[in-house]
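Take the given structure of chain A and dock chains B, C, D and E to it, following the hints.
Each protein sequence line maps, in turn, to chains A, B, C, D and E. Per the working numbering, the first sequence starts with residue 1, numbered consecutively. Per the working numbering, the second sequence starts with residue 1001, numbered consecutively. Per the working numbering, the third sequence starts with residue 2001, numbered consecutively. Per the working numbering, the fourth sequence starts with residue 3001, numbered consecutively. Per the working numbering, the fifth sequence starts with residue 4001, numbered consecutively.
Read the hints as simulated data drawn from the structure, not as lab findings. Incorrect hints may appear among the rest.
Each computed EDC-like pair below joins lysine to aspartate or glutamate, with the alpha-carbon atoms no more than 16 Å apart [claimed, not checked]: (1) E:K4028 - E:D4078; (2) E:K4028 - B:D1367; (3) B:K1294 - B:E1358; (4) E:K4160 - B:D1360; (5) E:K4453 - E:E4355; (6) E:K4361 - E:E4300.
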Amino acid sequence: MSSALLYAGAGMGLLLVGVWALVLRAHLLRKVLAINVMGSGAFLLLVGAGAMGGGPVDPVPQAMVITGIVVSISATALALALVLRIAYATGKAALPEDRERDLMDREGR
Amino acid sequence: MSTWLAALPWMVLAIAIPLLGALAAFVQPRRAQVIGLSFSFLTAGAAVGVVLDFITLGPQQHAVGGWGAPLGIDLVADGLSILMLGMSAVVGVAVSIYARAYFVPYPDKAPRFWPLWLFLWAALNALFQSADVFNLYVTLELMGLSAVALVALTGSGPALWGAMRYLLVSLLGSLAYLVGVALLYHAYGTVDLTLLAERADGGLQLAVPLGAMIAGLLLKTGLFPFHVWLPPAHGSARAPVSALLSGLVVKASFYLVLRLWFTFVPEGEGLPLLLGCLGAAAIFWGSIQALRQKRLKLLVAYSTVAQLGYLFIAFPLAGLEPQMAWSGSIYLALSHAFAKGAMFLAAGAIMTQGGHDEIDELDLVVDRMPLTLAAFALAGISLAGLPPSGGFVGKWLLLESAMAQGKGIWAAIIIVGGLLTATYVFRVLGFAFTRSEHHHERHEVPAAMEWTALLLALGAVLLGFVAPWALPLLDGVLP
Amino acid sequence: MSSASRPPGEPGLLLRAVLALLLLAAAAGVALALVAGQVAPGLSGAVAAALPDSGASNPVTAVLLNFRGYDTLLEMAVLTAAVVGVWSLGPAPRIRETEPSPVLLGMNSVLIPLAPLICAYLLWAGSSRPGGAFQAGAVLAAAGVLFIISGRRPAVHLPAAPMSWGIVAGLGVFLAVALAVMPGGRELLEYPRGLAGALILLVETAATVSIALILAGLFIGGRPEDEP
Amino acid sequence: MNPGLLFDAVLVTVLLWVAWAALASRDLFRGIVLFIAFGLVLSMGWVRLGAPDVALAEAAIGAGIAGALLLATWARLPGKTEERPGDDLEGQERDHEQR
Amino acid sequence: MTTNAWLPLLVLASSLIPGLIIFTLPEKAVAWRITLNLGGALLKILLLVLMMIGVFHGVNYEFRVPLVPGIDFVLHADALSLLFVNLSAVLWLATTVYAIGYLEDSPNRSRFFGYFSLCVTTTVGLAMAGNLLTFLVFYEALTLSTYPLVVHRGTEVARKAGRTYLAYTLLGGVLLLAGTIWLHALTGTLEFVDRGFVRGLDLDPATLRMVFTLLILGVGVKAALVPLHAWLPQAMVAPAPVSALLHAVAVVKAGAFGVVRIIYDVFGIEFAAELGVTLPLAVLAAVTIIYGSVRALFQEDLKRRLAFSTVSQVSYITLGVAIAGPIATIGGLAHLVHQGFMKITLFFCAGNYAETLGVHKVSELRGIGRRMPWTTAAFTVAAFGMIGVPPVVGFVSKWYLGLGALEVGQDWVVYVLAGSSLLNAAYFLPLVRAAWFEPPPDEWPHERNFGRKETAWMLLLPPLFTALAALAWGLFASMPGTPLDWVQFIAARKYGS
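So here's chain A without its partners, still in its complex pose (with noise of 0.2 Å):
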């Protein structure tokens, strides 16, 4: 079990956790940040399965990484103007299909 191996399924951990928040999660903000988590998701399988290998550091992949850091800031900025133009246009942040409701929200626990 190298530790790069570690980081690469930590990387699908979060892709996970993201992809569950995204659905289920009303609020566009939290949308946002279930992206963000993806994409860091994303990029340590990125490097970790590139890492895997036992070599030495590859730089390609943290090229890529970093790219792909500043595209993720980017797209997270456009998403967050569109949240607040979307609360000020319609009062609430969120899209049509989620008004009522959060299905992550229980309130039993």
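Same frame as chain A, but now just chains B, C, D and E:
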């Protein structure tokens, strides 16, 4: 062409010019219309340059940074990409001319449209020429972000919802695509398509990444189960934006699915059959929804969902006769870009003139706007696959390949789909020929808008006649 | 698990079950793909070989700005497109005027002058040690953000024109350099041997300034008020 | 289990836990703050993976700028009555019921 | 044998170019529109005369260009296509003159005449199609160019009629497409050959029967065979010139011409008979003949009565073709032309009655002979032709049909012919009697008098001309140069003589 003009690196200029144009239009908001239009013509010129280079010298290769495949990134312009570049150039110029006239009454929106549109065009030109899987991820993102911002340009509640849902789906698709890239790099140590083609050895370590990438691209193409975001986004956007989205943007991710398919040629019946069934479901679902729409732009948007289904019918047919099925699907994609672009532009013109786009209130559009209705009718004819049109040739090729392999069921689906499409197109035409009871005030519609819609529609019909010269371009590409 | 907050019949349960199924299948697939096949040696060897004439000794920066420079060019385009997109959504939303707490003001007086220093270091170190344009730009942007939220609101009233010139500078310079090197029969972004280091630094500097302005612009959330 | 691997195991569990906590939190502000913490833990992960440049980028952009943007957006969300933390969609619903 | 590619194109262009120009003409450019229309019609007839002379001297007129990989777009002028092209060209001239008179001051005539020319272009193209793909292209294009004419009035009723029209014709187009694709997958070629290209290849008969059914149903929609005829009566809501040209010549004849092409030039008549598909078709045609005539009996509206009469009459052609005998073929093909002239005369007269006296119902025809003697004379001649009374040309084709059936031993056909003639008499003679021998009502629904003449000369001339032609061809049937003579020249080549 004088020698120095021919020597220019058109492949690179096709990407650099729209980027420079976008920056110039962003920095000079008051002169955005002039800058935007002139850079559109320049970009289209560059794209035509690439096409001419391909015709005279064959497939082109450009190693960016001079490092070559494993280390650097290559740009490749082969038959498939120059067809897509040509498509984007023609539809792009038509939409640009239309947009200049369309945005005159909206002075605040015009300076925002042009930079985003030129970024989108740069992303398209980059995507069609890139031969590097990670670079394609970046181009997909650039395309996605500018497309989302263009949809949000309308500013109304539904448009913002449509843009947000489109952005979330697009990001989810890109991430699935990125997971695929990560696994490919893990297994084969390179992200260059040509090298991947050589090193790909099948098995699970090719199937899973390919599956993830194709799933991500299907999300962005809006194929049946993932189509939910498409109609609200394309329907609520401004007419020129909807024409770009339905005509070009969804084609880019479809082009990528084809590019991956041709690179790795995955064998096995499962995936192609699944894609074919999803395509068939898309055709029926999209057409039935389109029939139920009250508003014209939503009808045209649902028609996109249906027509995209056609493109995927080629996958199950590509077993024995790949050549014919693929050229049929690619030809359908081309004529759909022209026809759907023309249809949205026509819908925009109708909306501008009547102030609304209620289908059953299309009070005698045939007399008030003969050119626009001719554009809508010709585009509808191409979508329904009625001769003489590009859509007919595309459908004929798919039908031929289906009948040659005795797969009658797919032929039946294609034919019934064509009938359904004809139904909702002619439902609109029926109302367009009928005088409605209520009176609607009339606004002035600039001639440029009507003529561009008509010329695009004529392009879709013309494609019906140039097939024997256009299809050989694909020879080197198809498996 | 009474779902008072969810109307009965809401497919919550079904949706979650299907979602769980799909995700597990996907995770299993990815895990198998990771473990099953052989792990290909990465490109570290190729990078090391070509590093000497790449104009930078830090391999990541070399890959980022020379070998895969085209990716970074498009990435700058994505960043610029994002700010163009955000600014196209409308004017900057009003930030509520709350009196900044003294702690913030105290911190600002220390951090704001420090940030450009760190930024310059990161930029310069980028070519040999971990650092680079994006990290430097982010630090500079952090200073900008502090400046904006510290009550002295020049950023919101910053004239949009000069700011937009700054925003486009990064991509503009990068594109100009990429095209300028071509006339000698070279490909796009193929730095001439001797000039690679200098050109990379020039591009990085422009990128840093531009990234800082872009991130600040994104923080403002819309096109600043006063049209030039 | 060499110490490095042990540290990595702990780091990964903390990473996953923070991510889950940030996304599943009932209160939005708490979620955003946990997300920033997630960014920092992640940059430590990048250091362990031998990618210092990425660690810097993650810390500066992933945690810093993204956190700032999130908080700014949260602050500007309409429907805020007085300065009350712990506000999100459900919170807004409660506000409606109360008003 | 020299090949001339340009004449077929010119024949097409002679109505396409004027049509496209007319679209752009403003509403009040009446003079320009008339010159373009009539000029185009006359030019087309001139070109056709040239072409007929050429065909006699053995010139091969063929325009070929690749359309789809492996199949070309072919315009080929053989004897059969010339028969139909001449029919369309002559009747188009007559109908244009009539339409100019009929639509004197009605709105958007440029749009009308534009689509009118497009419709004739597609009909001529369909006639000259050299292979099944080109035929399909023009077949669908015909639907698209006739639809705007059906919905020309812009009323809700017109829209609904148009919807029904499209539902049937598009369905027909789809069936034809399915058949063509399947056939191409089997045979690899679609070129029309005099005695059929399916004959030589030994293909499995069951599949061929299914392909045949698809193709025949596809063209059967436009040929108004019984289950697929409902669109025709509803399309009568269109203006009179449209019903005249479209439902007597262009659309309905295109369907019949399709049946002729499929049986003679795709399967070959002998091979089709061997396959055993011609008998069911003959039965279907016979049923349509009887059904059409019976329905016509009960129609109160004159144009709907004529429409059901068309449904019945067109099936004579299908019947003639389906009886695998040379003389029956002559009868069927001849009827293609004869029925065209007779039916168009009836529609012209119906249009005149409606336009001049506001008479639409059959019951309002009493004493109309006195008020409009010439129109009613033409109506009577055409009616007698329909019934099959000599010397009008209708008798000639029915005579050949009967003779052909006897020659091949299909005696039941003679009874069908006799029965339908009786029915024709039953729904035409009362009209003629009432028109001539009953006293006219004291005042007509809304009369427009034209001074001394009974109606505008442009409305009167066409029916007289077509009635005269029907009469002349009846009297001098055996003379060279009559349609009958040309048909005998065609029929000879379709059989293994």
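Going down the list of hints, with the structure as the test:
The suggested pairing of K4028 of chain E with D4078 of chain E is violated, with an alpha-carbon distance near 41 Å, which exceeds 16 Å. Distance hint between K4028 of chain E and D1367 of chain B is fulfilled; the C-alpha atoms sit about 15 Å from each other, no more than 16 Å. Restraint check for K1294 of chain B and E1358 of chain B: the C-alpha separation of about 6 Å stays at or below 16 Å, so the hint holds. Between K4160 of chain E and D1360 of chain B, the direct Cα distance comes to roughly 13 Å. Compliance with the 16 Å bound is thereby established for this hinted pair.
A distance of roughly 14 Å separates the Cα atoms of K4453 of chain E and E4355 of chain E; the hinted pair therefore holds under the 16 Å criterion. With a C-alpha separation of about 6 Å, the suggested pairing of K4361 of chain E with E4300 of chain E holds against the 16 Å cut-off.
Checked against the numbered hints listed earlier, the structure breaks hint 1 alone; every other hint is satisfied.
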